[in-house]
Each structure stands twice: as C-alpha cells, then as structure tokens.
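Student: Listed here are the chains, written in short residue letters.
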Amino acid sequence: MRTMRLNMQNVCLTMVLSLIALGGCDRQATVSTTSVGAASGAPDAAPARKLRIGVSIPAADHGWTAGVNWWAKHASQLYPNVDWSIVSALNPEKQVADIEDLMVKGVDGLVILATESAPLTPVARKAHERGVFIVNVDRGFLEPVADIFIEGDNKAFGRKSAEFIVEKLGGKGSVAILEGIPCTVNTDRVEAAMAVFARHPEIKVLGRQPAMWNRQKALEVTENMLQQYPKIDCLWASDDDMALGAMQAVKEAGRDKEMFIFPGAGMKDVVKMVMDKDPLIPANITYPPSMIATGMHLCVSVLSGEREKIMQYMPRHLMIDVELITPENAKQYYFPDSIY
Amino acid sequence: MRQASTRVLSLTAGGWAPAAALILVITLGFVFHGDRAYFNWNTHRDAMRQASVYGILACGMTAVILAGGIDLSVGSVLALVSVAFSMMSLHRQDSAAMTIPAALMIGAACGGVSGALIAFGRIQPFIVTLAMMVAARGLAKALCGGVKVSRYIQDADGRYIALPVPEAFSRIDARLLGGNIAVVTVIFLACVLVCHVALTRTTWGRRVYALGGNEEASRLSGVPTRMMKVSVYALSGACAAVAGICQAAQLQQGDPEDGAGYELSAIAMVVIGGTRLSGGRGGIGLTLIGVLIVGYIEKILSINNVPEYARLMFTGAIILAAVLLQRRWHPDSEGRG
Chain A
23 MRTMRLNMQN VCLTMVLSLI ALGGCDRQAT VSTTSVGAAS GAPDAAPARK
73 LRIGVSIPAA DHGWTAGVNW WAKHASQLYP NVDWSIVSAL NPEKQVADIE
123 DLMVKGVDGL VILATESAPL TPVARKAHER GVFIVNVDRG FLEPVADIFI
173 EGDNKAFGRK SAEFIVEKLG GKGSVAILEG IPCTVNTDRV EAAMAVFARH
223 PEIKVLGRQP AMWNRQKALE VTENMLQQYP KIDCLWASDD DMALGAMQAV
273 KEAGRDKEMF IFPGAGMKDV VKMVMDKDPL IPANITYPPS MIATGMHLCV
323 SVLSGEREKI MQYMPRHLMI DVELITPENA KQYYFPDSIY
Chain B
10 MRQASTRVLS LTAGGWAPAA ALILVITLGF VFHGDRAYFN WNTHRDAMRQ
60 ASVYGILACG MTAVILAGGI DLSVGSVLAL VSVAFSMMSL HRQDSAAMTI
110 PAALMIGAAC GGVSGALIAF GRIQPFIVTL AMMVAARGLA KALCGGVKVS
160 RYIQDADGRY IALPVPEAFS RIDARLLGGN IAVVTVIFLA CVLVCHVALT
210 RTTWGRRVYA LGGNEEASRL SGVPTRMMKV SVYALSGACA AVAGICQAAQ
260 LQQGDPEDGA GYELSAIAMV VIGGTRLSGG RGGIGLTLIG VLIVGYIEKI
310 LSINNVPEYA RLMFTGAIIL AAVLLQRRWH PDSEGRG
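So the protein lines, in turn, are chains A and B. Take any residue in the first sequence, count from 1 to its spot, add 22: that is its number in the working numbering. Take any residue in the second sequence, count from 1 to its spot, add 9: that is its number in the working numbering.
Keep in mind the hints are simulated off the structure, nothing from the lab. Don't take each hint at face value.
Claimed, not checked - Derived DSSO-like pairs (lysine-lysine); straight-line CA-CA distance at most 30 angstroms:
#	chain 1	residue 1	chain 2	residue 2
1	A	Lys279	A	Lys294
2	A	Lys239	A	Lys294
3	A	Lys177	A	Lys294
4	B	Lys150	A	Lys116
5	A	Lys353	A	Lys279
6	B	Lys150	A	Lys239
Just need the whole structure built from these sequences, with the hints factored in.
Tutor: Structure (structure tokens):
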C-alpha cells in the first residue's frame, strides 16, 4: 500500500515534469528558426553580436490585436539575423513583467504596443534610462521615453469616416455611433467625426455608446439602439469587430435595408464585403495593424547602423495616414493570408 | 492533540512533497534557462516580485481556508482598495500615515462584513463572498466613476499632465539591497511571517485550525466560532488591502477593473502548497511554497517565450496534479471514492 502511494506521487511528479518539458521543447522548436547564430558566437567568426530586439504587444483579445500579433511574427521572419523575442500580454501587469524579462535578456531595442499607456510608462522609462532603443507603436507613453513613436492618424480616421457618411447620406440623415474603449485613440476619432457632423445641421446624431471594440458588446449595444431608435440611416461602428457585431443585430432585427454600417480598421472579412459590394458595408477605412511591423523595421534599421547618427535625421513621431477603402480599391487592402 | 499534530504535519511531514516540487521547478529553470536569463539574479528578483501581490492574497486566503471557508472577494477588494488608495494619494495628496491605515481599514471592513454575514446570517461563504466580489467591484467603479485613477490627468486643453509620484508609491515600488529585492517582496514575506506567527503561536491560530477541523466540536469546547469567522475574513480583507496598495503603487494607478481572477490564483497557490480546501489542515509555510512554485513556473515559462495559452494549460495541469498528490497523503480526506 505504502509503495503504491509513492508510485502515484511519482506518476504525478512525472506528469508535471513532462508537461513542463514539453513546454520547453515547444520553445526550442520555435526559437531555432529565429536565433541560429546566438550560440555560435564563437571567437573565430567574431562578428558583432546579433541584434536582440524585444517586441511586447497585447494578446489577441480582439481582431485588431490578433492582426498585430500576426504582423509581428510575419515581420520577424523577414529579419532572420535578428534575435527576436515576441511576447504578448493580456494586461498591463503582465506586460510590465514581460518587459522586465526582456531587459534581463539584454535586448538592444524594444518595440512596444502598450496594453495601456499609463502603467507601462514607468517600466519604459527604466528601459530608456538603460539606453535601450524604444519604438512605441499606436498607444503612446505619457512621458517622452520612446525614441520613435508611430501611430495611425486617429483624427483623420474620424474625419474621413464622417465625411464619407455625410456624403453617402447626401448631407441628411440620422447616425448612431458605437465608440471604443475610452482612451485617447477613441477620443481623437470621435471628436474629429463629431466636428464634421456638426458642420452639417441636417445630420442628426442619435446617440453614442461605448462597445469597447468588442463584437459581443457591439451586438448588445446595437440591439438596444435598434429598440431605442425607430429609424437609423447609418450606424458608425468605428471598428470592424464592432461592425460585425452590429451587423448581426441589424440583420436579426430585419432592418438591414434601412441603414448602412460604417466599420473601420481593415479586417479582411470586412474588406471582402466592401469588395463584394455588400450594401450594408459600402466602405471601410484603414488602421493597419501592420504598423507593428513598421516599428520593428525601424528598430532594426536604426540599430543596425550608428544609432546616434541615424537618429539625427529620424522623425520622433510618425503619423500613418488612414485611407478610405471602397469597392474600387479594396483589392489592394485585401490580404487573404493575414488573419486580420 | 490533533491540532498540535496537524500543525507539525503542515510544516514537516506534509510539506515534503510540495517542497520537492518547488526544488524540481527551480531546477528545471537551469535546463530551460531562456537564453541564460535564468542565471541573472534579476530574473529571480522579478519572479518573486510578480508573485508577491498574489502571495499576499494567498496569506489571508490560507487562514480562511484553514478555518473551513473560502473568500472569492479578494480580487475585487484589491481593486476597491487600489482605487481608494490612489484617489487619496494622487488626487487628495494625503500622507501615507493616513492613506495606508485607511486603505487597510477598507479592506478589513469588506472582509469583516463578509465574515459577519457568514457567521451571523448563516449563509454559505461561497455565496457571501461571491456577493462581496460583485459589490466591491461595483463600489470600486462607483468611487472613481468607472475611470482609472491615474497620475496623468488631462488639463483644459486636453493635454496630459503628470502629477508627481506620491512618496508612498515610489517607496513601495522600490528595490532594496542594491536593487536586488523588491520592496513588495519584503512586504509579502512580512505578511507570511505575521500570518505564520498568528496561526501557529497564538490561541487565535489554534482556534482557526479547530474551526476548520470540526466546527461543532470547537463550538462545544468553547471556541467563539462566530467572532473567529469575522476575524478570519477581516484578516483576508486586510491582506487584500495590502495587495491593493502594492498593486496601485506598482502600476501608479488605481484600476477598478484590476484583480479580476486573482482570487482563483490565490486559491490555487494555497491548494498547490497542500493546504486542504475543506479546512483544518495546512499552513502558511506550505502556502509560501505554493506561491513560489506558481511564481517560478510562470517566470520559467515566460523567459522561454511559452505563449499565454500554453501557460494557462500548464497551470491547470499543475493544480490538478497538486490535488491528486494531496489525496495520496491524506487517504482519509475528501475526494476519495
């Protein structure tokens, strides 16, 4: 009896051991593709140490961040001579830990898309003080600790969306708005759009409600709006995930002939609908998750040369323009291989 | 007699398997060292720092579980306290001499209310603390209007300006001994020590074990079971408050959405350490081992870039393995059959 008990303990311990070992193997398999030369830094070759760049991004909690994850992997494969560490986090606390790990590993550069700006700023400052080159993408730190900051033009995103809506409605009609997570990105977009709507007195904004860039939430909010407003001419969903949720609600209510939905960001499924001239989705606007790849490219190019000299002419703040996607040009924004 | 023997068991006889598991996990780090990151002390410092907030929750949780209860509200209480503490420290710029005791009292009050409902209202701990979990979250959101309490506020032109970091924040978020250990870790170890002494060296502690071992018997032998329950949940609430203070100081903000799911991590740490979920057996020493096991597994997986989904699955498997192991040490315990 006693021996049997011990055996069971062994079985359990072995189970834990093998599970962890499996995890380790998994890691070795993935890393072998990216860090071939790390171990072979032998004295005979004596090349400069491989560049180490850490990429810290939010976990794929909605379509756009899934796109960010895909583009990060995609871009890392284009630079096999860089020792990449791509880590994703679901919350700021985990992302701070990730960045600490990357600093322990001695990265030369960091490309960071923050889950949230404020709690990530202190750890970014620590990295900055250690001389790590930092490229900040999309959600900015609240202190000037990044060497380069890349973001989409959120004001143009709002403005161009609203201008299309006004034009499509012929300057007259009612608009209901789904907003994203309350933050500067959302504020910039919505305020720019509201400024356009304000210039057209016959455009009536029925209401604005946050649906958190989330499909399920958008479905619920749209259901409420459909009950609240008997006539809606346009639903500005302001995001593709939210547009898909809204679309479901509109179709289930049988009101898909009454209005059109304006999405945003450029998810391939939604771009496909534009391409196929779906009457519910007449157009889209880009907000490319590939900007993470742009940031990674800049990080590699600056660190591959003489950092100080290159930074003399590099812009500190890059604003990526957003473009309207219509059935005519949709093809060039459609990436069937991307997951977004 | 029985209480004395369980206490000894909790620290020696019963502790060998979790201790072996911890040694195993720590050893595994030398194999999967993540590009030699494991050989850098900062990795260990960070591993302990990251486990500390959960560990502080686990200290209070251990006392509750030993007393035969469960506290699901600690994550929400953490959020409530971190919001309240941030508002006092950042917006009102109160001194730490006032904010820290006030924060502790908020936490202890939440726990105390749960304990009183359980003891005097005779409602199941699971239900009461579930209600407190929802209510404390609501209170946290009500306090700050659902918006994070941040150092960064928008001025009239919409530009962000940064308030100065309160001294309490920077002191708690600091490192000691030449940057080699985080203050938060020291706070965690202090909680472990205080709870350990309280549980093993005082009458109160003996009564906690007695209550979890057999409530009816302890009531008949003169243990004030109702007041014991209130005090145990108040302790758990106070620990949640300490965790909330640490969380706010480290993230430099009070987030009303923070701490969701932390209660389950804390329970997992207690269980992995080997404290019995049905009460009466276990101890803080075991919980310390449980916290380190989870913290090190998390860190080793993290430095090896193991993706989130795999990490969650490992943690699940390890909780299961820990419970299976427990069942073998205590053939008379629950879950048999």
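Student: Hint by hint, note whether the structure agrees.
Tutor: Results for each hint:
| no. | hint | verdict |
| --- | --- | --- |
| 1 | A:Lys279 - A:Lys294 | holds (20 angstroms) |
| 2 | A:Lys239 - A:Lys294 | holds (23 angstroms) |
| 3 | A:Lys177 - A:Lys294 | holds (25 angstroms) |
| 4 | B:Lys150 - A:Lys116 | holds (22 angstroms) |
| 5 | A:Lys353 - A:Lys279 | holds (26 angstroms) |
| 6 | B:Lys150 - A:Lys239 | holds (19 angstroms) |
In this structure, none of the earlier numbered hints is contradicted; all agree with it.
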